[in-house]
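Peer 1: The lines below spell out each chain.
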Amino acid sequence: DQQVKQNSPSLSVQEGRISILNCDYTNSMFDYFLWYKKYPAEGPTFLISISSIKDKNEDGRFTVFLNKSAKHLSLHIVPSQPGDSAVYFCAASVGGNKLVFGAGTILRVKS
Amino acid sequence: DAMVIQNPRYQVTQFGKPVTLSCSQTLNHNVMYWYQQKSSQAPKLLFHYYDKDFNNEADTPDNFQSRRPNTSFCFLDIRSPGLGDAAMYLCATSRAWTGGTSNYGYTFGSGTRLTVV
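The listed protein sequences derive, respectively, from chains A and B. Taking our numbering, the leading residue of the first sequence gets 1, the next gets one more, and so forth. Taking our numbering, the leading residue of the second sequence gets 1, the next gets one more, and so forth.
FYI, nobody ran anything at the bench for these hints, they're computed from the structure. Where hints are given, some of them may not hold.
[Stated by the list, open to error] Taking lysine to any residue pairs in the SDA-like style, the calculated list, with each CA pair at most 20 Å apart, reads:
1) A:Lys5 <-> B:Ser39
2) A:Lys98 <-> B:Phe73
3) B:Lys44 <-> A:Asn7
These numbers come from a predicted model, not from an experiment.
Using the sequences and the hints, build the whole thing.
Peer 2: This is the structure in structure tokens:
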């Protein structure tokens, strides 16, 4: 029973273009959402978050959009850079603890 | 730098032979988590400690145990590893959630990749 789903295992984008990573969830009780980035041989690192009271949060090149009615969130990276190539995990929680993760999307940014 | 350290990075153990993975933190976070991640799957929460309080997930096998002797250290014990337990094991820490919209995301260690032979 996957409560958080990332349906695209991988995404390839040209340098300078927009990368859009998608995530769907099923638990309507989730009220806090995060994106993590993971490089090979390292643990996931926090990227950006959004609470359910917002529909958009921006941090530099990274923007997360939340559509509660569709139970969908997305991460936009503009412009994409080769150093953004990594695995991106979507995560969600009720009340901030016990994050539930998606399976991840491998992003490759080609130069 | 404050961080979460997992040892060892790679662990090979024999089928059925008990193995212990360790995690230490210098962040003074009061919550510590253990996740299991199998290839191309989502990290799955096994259990977490809120200070000394142990919280097991309902579907975590009895084969998996944990100890937290103090704030800084947490151990994952696998009593009788099977081939299906081969995975990456991730330790993470966080501050307790107190509401608001601040980031209370986890800080992860680099993981221990367990191989069972």
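Peer 1: Please flag the earlier hints that this structure goes against, numbers listed from lowest up.
Peer 2: Of the numbered hints, all hold.
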